[in-house]
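Listed in order, the protein sequences are those of chains U and C. If you read the first sequence in my numbering, its first letter stands for residue 1, the second for the next number, and so on. If you read the second sequence in my numbering, its first letter stands for residue 1, the second for the next number, and so on.
Please note that a few of the clues may not be correct.
[To be verified] In silico contact screen, one side only, chain U against chain C (beta carbon under 8 Å); selected entries:
no. : residue
1   : Pro24
2   : Ser25
3   : Lys28
4   : Ser87
5   : Tyr89
6   : Ser116
7   : His134
8   : Ala136
9   : Asn143
To be clear, the hints were calculated from the coordinates, so they are not data collected in a lab. The beta carbon of each residue, even a glycine, is placed where N, CA and C say it ideally should be.
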Amino acid sequence: MKSLAFFLVLAGMSLPQAGLAHGPSRQKVTEAIEIAAPPAKVWAAIGDFHNLSWLPGVVKTTGEGGNEPDVATRQITLEGGATIDESLYKYDAEKMSYSYRVDKVDVKVLPVNNYSSTLIVLPADGGKSTVEWHGAFYRGYPNNDPPPELNDEAAVKAVTALYRKGLENLKKIVEAQH
Amino acid sequence: MRASKPACLLGLCLLLSVNRPATSAEAFITDQTGDEVSVLDLATQKVVASIAVAGKPAGIAMAPDGRRAYVTSTEGKYVCVIDTASRKILTRIAFPDTPLGIAADPSGDFLYVAGFYKPYLYKIDLKTDAIVAQTETGASPSGVALTPDGSLIVTADRDDDQLSIFDTKSLTRKAIVKVGAHPFGVTVDTEGARAYTANVEGNSVSVVDLKKASLIGNVASGKRPYAVALAKGRGFTTDQYSGTVSVFDLSTLQPVRRISVGEYPEGIETSADGTKVYVVNWFSNEVWAIDTQTLAVTAKMKVGDGPRAFGTFLRETL
Chain U
1 MKSLAFFLVL
11 AGMSLPQAGL
21 AHGPSRQKVT
31 EAIEIAAPPA
41 KVWAAIGDFH
51 NLSWLPGVVK
61 TTGEGGNEPD
71 VATRQITLEG
81 GATIDESLYK
91 YDAEKMSYSY
101 RVDKVDVKVL
111 PVNNYSSTLI
121 VLPADGGKST
131 VEWHGAFYRG
141 YPNNDPPPEL
151 NDEAAVKAVT
161 ALYRKGLENL
171 KKIVEAQH
Chain C
1 MRASKPACLL
11 GLCLLLSVNR
21 PATSAEAFIT
31 DQTGDEVSVL
41 DLATQKVVAS
51 IAVAGKPAGI
61 AMAPDGRRAY
71 VTSTEGKYVC
81 VIDTASRKIL
91 TRIAFPDTPL
101 GIAADPSGDF
111 LYVAGFYKPY
121 LYKIDLKTDA
131 IVAQTETGAS
141 PSGVALTPDG
151 SLIVTADRDD
161 DQLSIFDTKS
171 LTRKAIVKVG
181 AHPFGVTVDT
191 EGARAYTANV
201 EGNSVSVVDL
211 KKASLIGNVA
221 SGKRPYAVAL
231 AKGRGFTTDQ
241 YSGTVSVFDL
251 STLQPVRRIS
261 VGEYPEGIET
271 SADGTKVYVV
281 NWFSNEVWAI
291 DTQTLAVTAK
301 MKVGDGPRAF
311 GTFLRETL
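Input sequences plus hints: build the corresponding full structure.
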């Protein structure tokens with residue numbers, strides 16, 4: 001089982017995330033940005049699970065289930081054609097927050113395992129907003145002694161870069177509208 | 001309760017137990033990201049010491065007398081023996097695999113540590129700090145627990161969806177009991193009658209009769225449950241993805257309530273007097289106290305980065 005998983009990782013194929021072994025040390029990333037617009041405006045831009053138009057690198061999103069936790073799923077197609085399958089497991093319009101997990105991703109696209117994530121819009125001073133993006137995940141390599149491109153640091157670096165890019169673009173879009 | 005002195009006169013004992021503060025205890029919290037163990041004084045609700053164990057610590061077992069804590073460093077591949085009073089690391093015991101789940105024998109003489117990748121449970125003799133025996137488990141053994149009399153060891157074999165029950169003396173496997181999907185933490189009740197395991201991918205807790213080696217039933221929990229604590233006839237489960245503690249009745253196996261806690265709750269343990277459960281929130285770096293009678297959150301305490309506290313982490317200081 002492990003050797004098969006290892007072979008698939010080496011071959012660069014997509015792996016289902018659930019049920020596979022993962023590293024022993026879960027990683028976390030929190031990125032935040034202040035946006036000069038009220039929380040409701042920001043939530044209007046990101047509150048739909050099926051709208052990732054604010055995230056650079058995303059070509060399209062297909063899916064179903066609306067914003068219903070444990071029902072909604074989406075497939076993200078990235079520039080270059082790679083896809084990521086995700087599902088929604090928590091949604092709270094009142095708290096302006098939703099949580100989702102990655103069901104399938106190629107570790108060459110995002111070097112992580114067992115990835116889950118939360119987006120939340122919080123009120124900030126002066127009628128502004130703060131958006132926080134939280135990620136929890138294991139490194140891309142499930143076994144001992146990972147190669148550098150699939151170790152804990154590589155996973156944290158990739159997720160941090162994704163969050164920064166996404167939040168900065170979101171800020172630009174919402175502040176231009178506001 | 002454990003601290004009652006049998007030698008004293010009855011009247012004096014009563015007086016002492018009445019005057020004793022309810023929270024004369026400490027929590028030893030393994031901060032995996034922070035690479036240290038935070039010592040949390042549960043009376044003042046402050047971290048009073050940090051022990052630099054390094055190697056990404058995750059699992060912990062407290063000695064029955066509270067004088068030693070045994071910590072597994074997952075990346076460092078060693079077990080640290082900590083003198084809890086002086087906060088000093090006494091020794092580091094090298095381990096042949098990534099160690100995670102760990103339990104201390106009630107006698108205080110042995111440790112039982114699960115390998116994260118290879119399906120073995122290892123026995124460490126604390127007189128020599130050496131591995132003296134090993135036995136095969138199911139795939140990916142995670143949580144380890146002993147019955148209070150020390151006669152049985154239970155492992156949660158994550159990738160085989162089962163509990164293994166071992167005779168402690170001979171380390172022979174007496175039984176395998178199939179449970180829900182991906183059991184992780186396992187807790188044995190004070191009678192040594194039942195084991196409770198959190199099924200991470202089953203979103204449930206399985207309840208196992210240890211004598212009959214059979215499944216009694218499953219209780220629904222929140223999402224991705226991690227570990228179970230028992231108090232006042234109820235079970236308490238940390239639901240990592242839901243950010244809740246699920247409470248259920250131990251006799252009816254029916255859900256009682258879901259309590260919102262911090263982000264990604266993981267380790268959980270009941271205080272010695274049974275009045276509180278302490279919940280370790282991995283993402284938000286906090287330990288929360290829940291009153292086991294009222295089910296109200298009574299304290300929120302900051303600790304180091306990435307606390308997991310997988311195992312038993314509480315000790316009494318009086």
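Consistency of the hints with the structure:
| no. | hint | in the structure |
| --- | --- | --- |
| 1 | Pro24 | holds, 4 Å |
| 2 | Ser25 | holds, 4 Å |
| 3 | Lys28 | holds, 6 Å |
| 4 | Ser87 | violated, 11 Å |
| 5 | Tyr89 | holds, 6 Å |
| 6 | Ser116 | holds, 6 Å |
| 7 | His134 | holds, 7 Å |
| 8 | Ala136 | holds, 6 Å |
| 9 | Asn143 | holds, 7 Å |
The structure does not agree with numbered hint 4 stated previously, though it agrees with all others.
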